[in-house]
Every structure is written in C-alpha cells, then in structure tokens.
Amino acid sequence: MSYKVTEEGNISTVFLNGEIDMDVTEKAKEVILPLVESGKEVHLNLKDVSYMDSSGISVLIESHQKALEKSTKVVVKEVSKSVLKVIMMAKLEQILNLE
Amino acid sequence: MNLSESKDFPVSTASLKEVRTFSRDVFEKINLPQEQKDELVLAIAEAAQNIVKHGYKGVEKTSDKMEIKISLKDGDLEIGFFDKGKAVVPGNVQHRKLDDIKPGGLGTFFIKQIMDAAVFKKDQKGWVNHLVLTKKI
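Chains as they are written, first to last, in our numbering: chain A, 2 to 100; chain B, 39 to 175.
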C-alpha cells in the first residue's frame, strides 16, 4: 500500500493505493487517524485500492467513529467496484459517508 | 475440471499477500466469473488472517507454517487450512452482530457469506487445526 495526502482548506484527502489487508492497516491508521483527530474533514480516495479485506473495513469504521467523536467527518470517495462489494457485504454503505 | 493444489506459508501478516497470489493463480485455472473468484480469494485471505490473528495471538514471531490446500472435484470446491496455532474451539468462532458497528469481527462473517460451509475437522495429522471451507461451484 502506498498513499498520498493533499490539503485544501480544512479538508485533507488521503489517496490510498494498492491492497489493504492486516499487514498494512497500522500504516493506514497512522496516516488517517491523526488527520481526523486534528478535527479536519478527511476524504479517503479509494479509486486505486484494488483489494480490501475485513481489516481495511475496520480502518474505515474506526476513522468514521473517530470523526464523529471529533465532530467532523470522513468521506469515502471513488470507491473501486471490488472494494464497494466488500463494504456492501458488511452492510456499511448506509453507515459510511460514500461519495 | 478437477484440481488439487497446496502451498505452505510462514505464519505472518506479511504472508497474506502471498496467500492471495496463490489463490488467484489457482482460480485462474477454473472457469468462474471474476466476481466469484474475488469473493473466494477474500474468504481464503480472511481464514488465513484468522490463523495469524487469533491462532497465534500474543506470539511475536514464529517459524511455524500454515498450509492451504485448494481442491476442486466435480464442482465441489474444498479449501483446507492447516495450522499449529492455538486449538480452535469451534463454538467460540463467532462474528459480531452487523448492527453493532465497531472495528473487527467481520472476517468470519465474510467467510460465512461467501462459502456454503466452514467446518473444523478432527483429522489434523500433525497439525493442531484443520478448517475446511466448501462451496458448490
């Protein structure tokens, strides 16, 4: 997994790339959670994420819940078809902010 | 088409990518829709992850291997997982309730969604656990 972060005003966008499994979730959390904790609105762009398992889904849930605590939000954007399928299997499409 | 392929992997999170590559390579030989292949790879990866995460919970580093065997005979797909981690008590293997939104606890749910059955067998032959996932394809 690789990533890129861009900032525009109060919005940080994290572009994740590759496959997100248990081996890389700590790295993903280290990138995403501090941005959320700082109170920023965080956009997670998943268009280049080709695979995500339950560990990756946990990162999305944790980020979403942390954002609620901080009165901000995490928006999950440009979800690839394969990742959307996993999100829907977990019945999270109504819980996460998908765009 | 019938086939049977198996491979050993070090018990480590770093092996999960290799597990997926092995599974994808095997499923390339089977005529199935790509979407179904992707689901099967996810189920295998989740089961392998459970071995690393739960079977070896608290174990910093191990030289143990786990074996994954994919067999297809007359449309019956069987995927075996052999490991030497902590003995699994099948009744304790449960996924979280879906409306209890929190990180974790989804891997077993995904496996149950994708596969027809998941059973721990008692024919380990030198292993501690033998999980068998089956699906009619």
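These aren't lab readings, by the way, just hints derived from the structure by calculation.
One should not assume that every hint holds.
[As the list claims (entries may be wrong)] Below, computed lysine-lysine pairings styled on DSS-like, alpha-carbon distance capped at 30 angstroms: (1) 86(A) x 135(B); (2) 28(A) x 75(B); (3) 78(A) x 99(B); (4) 92(A) x 140(B); (5) 75(B) x 135(B); (6) 99(B) x 67(B); (7) 67(B) x 95(B).
This one's a predicted model, so the numbers in the text were calculated from it and none came from an experiment.
Going down the list of hints, with the structure as the test:
1. A distance of roughly 19 angstroms separates the Cα atoms of residue 86(A) and residue 135(B); the hinted pair therefore holds under the 30 angstroms criterion.
2. For a cut-off of 30 angstroms, the pair hint linking residue 28(A) to residue 75(B) stands: about 28 angstroms separates their Cα positions.
3. Restraint check for residue 78(A) and residue 99(B): the C-alpha separation of about 37 angstroms exceeds 30 angstroms, so the hint is violated.
4. Using a Cα cut-off of 30 angstroms, the hinted pair residue 92(A) and residue 140(B) holds, with the two alpha carbons roughly 12 angstroms apart.
5. Distance restraint check for residue 75(B) and residue 135(B): the Cα-Cα separation of roughly 26 angstroms lies within the 30 angstroms cut-off, and the hinted pair is therefore satisfied.
6. Restraint check for residue 99(B) and residue 67(B): the C-alpha separation of about 34 angstroms exceeds 30 angstroms, so the hint is violated.
7. Under the criterion of a C-alpha separation no larger than 30 angstroms, the hint pairing residue 67(B) with residue 95(B) is inconsistent with the structure, at around 35 angstroms.
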